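Using the sequences and the accompanying hints, generate a full structural model.
What follows is each chain in one-letter form.
Protein chains: 2
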Amino acid sequence: MEPASVRKHSLLSMIARNGGHGEHSPYFDGWKAYDRNPFHPTQNPDGVIQMGLAENQLSFDLIEEWIKNNPTASICTPDGVGKFKDVAIFQDYHGLPEFRQAIAKFMGRVRRGKVTFDPDRIVMSGGATGASETLIFCLADPGDAFLVPSPYYPAFDRDLRWRTGVRLIPFACDSTNNFQVTLAQMESAYAKAIEANINVKGVILTNPSNPLGINLSKETLTSLLSFTFEKNLHMVCDEIYSATVFKSPAFTSIAEVMQETECNPDLVHIIYSLSKDMGLPGFRVGIIYSYNDQVVNCARKMSSFGLVSSQSQHLLASMLSDEVFIEKFLEENSRRLGKRHSRVVEGLKQEGINCLEGNAGLFLWMDLRHLLKEPTPDAEMELWRVIIKDVKLNVSPGSSFHCPEPGFFRVCFANMDDHTVEVALQRIREFVSRGNKNGDDKKHWRKRDLRLSFTSRKCDESLISPRQIMSPHSPVPQSPLVRART
Amino acid sequence: MEPASVRKHSLLSMIARNGGHGEHSPYFDGWKAYDRNPFHPTQNPDGVIQMGLAENQLSFDLIEEWIKNNPTASICTPDGVGKFKDVAIFQDYHGLPEFRQAIAKFMGRVRRGKVTFDPDRIVMSGGATGASETLIFCLADPGDAFLVPSPYYPAFDRDLRWRTGVRLIPFACDSTNNFQVTLAQMESAYAKAIEANINVKGVILTNPSNPLGINLSKETLTSLLSFTFEKNLHMVCDEIYSATVFKSPAFTSIAEVMQETECNPDLVHIIYSLSKDMGLPGFRVGIIYSYNDQVVNCARKMSSFGLVSSQSQHLLASMLSDEVFIEKFLEENSRRLGKRHSRVVEGLKQEGINCLEGNAGLFLWMDLRHLLKEPTPDAEMELWRVIIKDVKLNVSPGSSFHCPEPGFFRVCFANMDDHTVEVALQRIREFVSRGNKNGDDKKHWRKRDLRLSFTSRKCDESLISPRQIMSPHSPVPQSPLVRART
Numbered sequence: 001m002e003p004a005s006v007r008k009h010s011l012l013s014m015i016a017r018n019g020g021h022g023e024h025s026p027y028f029d030g031w032k033a034y035d036r037n038p039f040h041p042t043q044n045p046d047g048v049i050q051m052g053l054a055e056n057q058l059s060f061d062l063i064e065e066w067i068k069n070n071p072t073a074s075i076c077t078p079d080g081v082g083k084f085k086d087v088a089i090f091q092d093y094h095g096l097p098e099f100r101q102a103i104a105k106f107m108g109r110v111r112r113g114k115v116t117f118d119p120d121r122i123v124m125s126g127g128a129t130g131a132s133e134t135l136i137f138c139l140a141d142p143g144d145a146f147l148v149p150s151p152y153y154p155a156f157d158r159d160l161r162w163r164t165g166v167r168l169i170p171f172a173c174d175s176t177n178n179f180q181v182t183l184a185q186m187e188s189a190y191a192k193a194i195e196a197n198i199n200v201k202g203v204i205l206t207n208p209s210n211p212l213g214i215n216l217s218k219e220t221l222t223s224l225l226s227f228t229f230e231k232n233l234h235m236v237c238d239e240i241y242s243a244t245v246f247k248s249p250a251f252t253s254i255a256e257v258m259q260e261t262e263c264n265p266d267l268v269h270i271i272y273s274l275s276k277d278m279g280l281p282g283f284r285v286g287i288i289y290s291y292n293d294q295v296v297n298c299a300r301k302m303s304s305f306g307l308v309s310s311q312s313q314h315l316l317a318s319m320l321s322d323e324v325f326i327e328k329f330l331e332e333n334s335r336r337l338g339k340r341h342s343r344v345v346e347g348l349k350q351e352g353i354n355c356l357e358g359n360a361g362l363f364l365w366m367d368l369r370h371l372l373k374e375p376t377p378d379a380e381m382e383l384w385r386v387i388i389k390d391v392k393l394n395v396s397p398g399s400s401f402h403c404p405e406p407g408f409f410r411v412c413f414a415n416m417d418d419h420t421v422e423v424a425l426q427r428i429r430e431f432v433s434r435g436n437k438n439g440d441d442k443k444h445w446r447k448r449d450l451r452l453s454f455t456s457r458k459c460d461e462s463l464i465s466p467r468q469i470m471s472p473h474s475p476v477p478q479s480p481l482v483r484a485r486t
Numbered sequence: 001m002e003p004a005s006v007r008k009h010s011l012l013s014m015i016a017r018n019g020g021h022g023e024h025s026p027y028f029d030g031w032k033a034y035d036r037n038p039f040h041p042t043q044n045p046d047g048v049i050q051m052g053l054a055e056n057q058l059s060f061d062l063i064e065e066w067i068k069n070n071p072t073a074s075i076c077t078p079d080g081v082g083k084f085k086d087v088a089i090f091q092d093y094h095g096l097p098e099f100r101q102a103i104a105k106f107m108g109r110v111r112r113g114k115v116t117f118d119p120d121r122i123v124m125s126g127g128a129t130g131a132s133e134t135l136i137f138c139l140a141d142p143g144d145a146f147l148v149p150s151p152y153y154p155a156f157d158r159d160l161r162w163r164t165g166v167r168l169i170p171f172a173c174d175s176t177n178n179f180q181v182t183l184a185q186m187e188s189a190y191a192k193a194i195e196a197n198i199n200v201k202g203v204i205l206t207n208p209s210n211p212l213g214i215n216l217s218k219e220t221l222t223s224l225l226s227f228t229f230e231k232n233l234h235m236v237c238d239e240i241y242s243a244t245v246f247k248s249p250a251f252t253s254i255a256e257v258m259q260e261t262e263c264n265p266d267l268v269h270i271i272y273s274l275s276k277d278m279g280l281p282g283f284r285v286g287i288i289y290s291y292n293d294q295v296v297n298c299a300r301k302m303s304s305f306g307l308v309s310s311q312s313q314h315l316l317a318s319m320l321s322d323e324v325f326i327e328k329f330l331e332e333n334s335r336r337l338g339k340r341h342s343r344v345v346e347g348l349k350q351e352g353i354n355c356l357e358g359n360a361g362l363f364l365w366m367d368l369r370h371l372l373k374e375p376t377p378d379a380e381m382e383l384w385r386v387i388i389k390d391v392k393l394n395v396s397p398g399s400s401f402h403c404p405e406p407g408f409f410r411v412c413f414a415n416m417d418d419h420t421v422e423v424a425l426q427r428i429r430e431f432v433s434r435g436n437k438n439g440d441d442k443k444h445w446r447k448r449d450l451r452l453s454f455t456s457r458k459c460d461e462s463l464i465s466p467r468q469i470m471s472p473h474s475p476v477p478q479s480p481l482v483r484a485r486t
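Chains X and A are the protein sequences, given in the same order. Each residue of the first sequence is one higher than the one before, counting from 1 in UniProt numbering. Each residue of the second sequence is one higher than the one before, counting from 1 in UniProt numbering.
Worth double-checking, as some hints may not be accurate.
No copy is singled out in the list; a pair is fine if it fits within one copy or between any two copies.
Unchecked claim - Keeping only pairs whose Cα atoms sit at most 35 Å apart, straight-line, the calculated DSBU-like set for lysine-lysine is: (1) K389 x K328; (2) K105 x K68; (3) K373 x K105; (4) K114 x K328; (5) K231 x K373; (6) K373 x K218; (7) K83 x K247; (8) K32 x K339.
Calculated from the structure, these hints are not laboratory results. Since we're looking at a predicted model, the values are computed, not measured.
Following this line, the structure appears as structure tokens:
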């Protein structure tokens, strides 16, 4: 806390001055490196490949096809413009009824019909970023704390803490049990927090996990929910990757576990979004689904600060209501994610690199412990610098996810085309083989060896990274945390 | 402040429990009355007419025509869908460069080219609601205060205070000088606040004024800016109604005044939006334009909580860049607003009702002091209840705008068709004449007298209020503050 006199004479707020946005992290430094020198198959084949961005670009052809076939879904077609006025002035914070209904149905479908969602509990927000912050504003006061299993999504530090003043208390998962969350870890973290006189308000789970790319099991969820019920803690489940599961075990939502476990529904809340599951982060659809009436009421009022554009609501209401399309989209998207995942896992395996066995998400958790000089955070950072500067792959080091065990890296695999994947794998191959030849002297590895030949390959421009269209120059130094949620 | 023990054992946050959202106001009660019984020319001709909603529905035909003529502007047409992917994944918090450029140019055009705006200072936010809150989060800490001339926009209490913990100190304008803001009032309010040991961080002006429908003069702006410079206070100007000026005097932006007045640019910030000037509140376009680099930087990071949908950014970038269209739109929109304003003012005048002479906005400031039983807030509320329950017009009482002088009401005139305006004026006519016949016993006025005949008039369904499409049922009692900004 600053002295009162400093506060009083500062032009800006403490929030503006406290650095709580959390951008000083290798997670975002990697993005900077990419932004300075982005890979392009023909124009910049030596550039950095972006593998730090959890985007799903694998199924846009399906969505584009649907749009062509459904001109009335948009208010900007000759067929749909008749609704322009009604949609353009719609700013009711409940959202278009058909949008809420479609979202509720979609959420139920993603959970394989095992639970249903009430459209009247669907609260909109500006992406999962806005939804997460809104929920925390409803649940906790400055200084209050939530327990979070680590490794966790780096921008939680911004979303959940920055403006709310709430604290996050990580409790570490590690490789000894394949990074499974356990009740014992949580109990221990809770006991320590209580001993330190911290007011713990709840637990935040990300399921499927970002960055691990795995689900929480039903048994684990049941035990954690029972614990939070017993301690009168909120259970917040971030389920924004629920439709990215591409192989068994199937995803289990906290909504399903609630039906079979003694709990207090007033304490259970789900964060959702269409950014990952439909691959539409630009549309900024964040959802809070709470079983607590007061939270629904309060969050809805707060949603005025970040409503979803009614233009986007209108389009999505139509798209998500098309059950035949959604069925096909979810199946095909899952198939493509699985195929891409297998290709990357297999390519890495050929170079002696293992990954945590994942079944979900847009990323995998790569184990490079054997390439560390020593098992320390410093050695992890040293290796990461080589990967980003020489191998020119922007992968994210485990430390940026608050992972306590050095040597793990998150590798995003769904934000690029097949060709870029092959370039990335080829670079890793060269890196590893040069490393093997030169012992520890990996600095001898040279970038020019990693350029793939283009003579026999037609470049698919439509699959080039969209970063070409965004090179903004701010009057102030550009922040790397440019994306709202990644 | 609650006792620590209450805080500690409460399930929800203080913000969720403190009622700071500010919906307990006749401003919102009037909306409730409308929502329960909305007027419809054929289906519910005895219903309440919504004159409490500052929406601009007068120029949608122009926008719809533009959309039909510009199919490539949308990502949902056969001509535009090729850009779907690039736009749908765009979540850079700087916004699409072409969107920022178009907004900057539009803001300059609205100010008649007297100032230019730097696209790199355009920060997006979720509507003016989100923009206002974001700016306050950047500028002030809980307990800090801003001076605001009253009457002021009721939802400032939500937007600026609720989650930020910042205080608003109103200083009253009244009819003695036609509600002009003066330096003397502000100096006095500032002196009192300092005496009370309050940390005043700045001043917030709404120009043109909501609810008054008038501009601040250049001279007034100059004197206020000099004062804030001298005291090292922030000057926040909410200019969301700048293109609604329909007659002289012309609008003067703080951006123009800055060029000619000694000031510290680091202390000057503009709030903007397309909700009023383009009539697109559903698109949730809020803008912070700050001359302070740190604020631009910080607000941009915060914009992740409420980015504008990239689908809407893409469309608006095209539309606002079409200079020929924008020129025509602004001129025609202004002409239509002026015509509608004149009709309502004249209609009221015929019944002996005067309004503050306005030249801007989507509302007028109606003087009903002569109809009050006595010049008290209670009498104002009594008259308001008669107007809403018997005359069935949802106008908003001055008290809800923190107006200290009883007897004034804000009347919105741009959110309805010509026919509805005539029904409203006819109801007022009947009310006044019945009042004159019956002396003070206005309760004898009967609603059935106010139903207009429809025999000779074709009902224009396209101009019916859009409220038909939104009758949401929440699991909790519906809040009247359903719109994000009004």
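Results of checking the hints against the structure:
1. In the homo-oligomer, the alpha carbons of K389 and K328 never lie at most 35 Å apart, since the shortest distance is 41 Å inside one protomer and 53 Å across protomers.
2. Taking identical chains as interchangeable, the C-alpha atoms of K105 and K68 lie at most 35 Å apart whether they share a chain (23 Å) or sit on different chains (32 Å).
3. Taking the shortest alpha-carbon separations for K373 and K105, neither the intra-copy value of 51 Å nor the inter-copy value of 55 Å comes in at or below 35 Å.
4. In this assembly of identical chains, K114 and K328 lie within 35 Å of each other by CA distance solely inside one copy; the values are 19 Å within and 55 Å between copies.
5. Neither within a single protomer nor between protomers do K231 and K373 lie at most 35 Å apart by alpha-carbon distance, with minima of 43 Å and 58 Å respectively.
6. When the C-alpha separation of K373 and K218 is checked against a cutoff of 35 Å, the pair qualifies neither within a copy, at 38 Å, nor between copies, at 68 Å.
7. In this assembly of identical chains, the alpha carbons of K83 and K247 lie at most 35 Å apart only when taken from different copies (31 Å versus 41 Å within one copy).
8. When the C-alpha separation of K32 and K339 is checked against a cutoff of 35 Å, the pair qualifies only within one copy, where the shortest distance is 29 Å, while the shortest distance between copies is 53 Å.
The structure does not agree with the numbered hints 1, 3, 5 and 6 stated previously, though it agrees with the rest.
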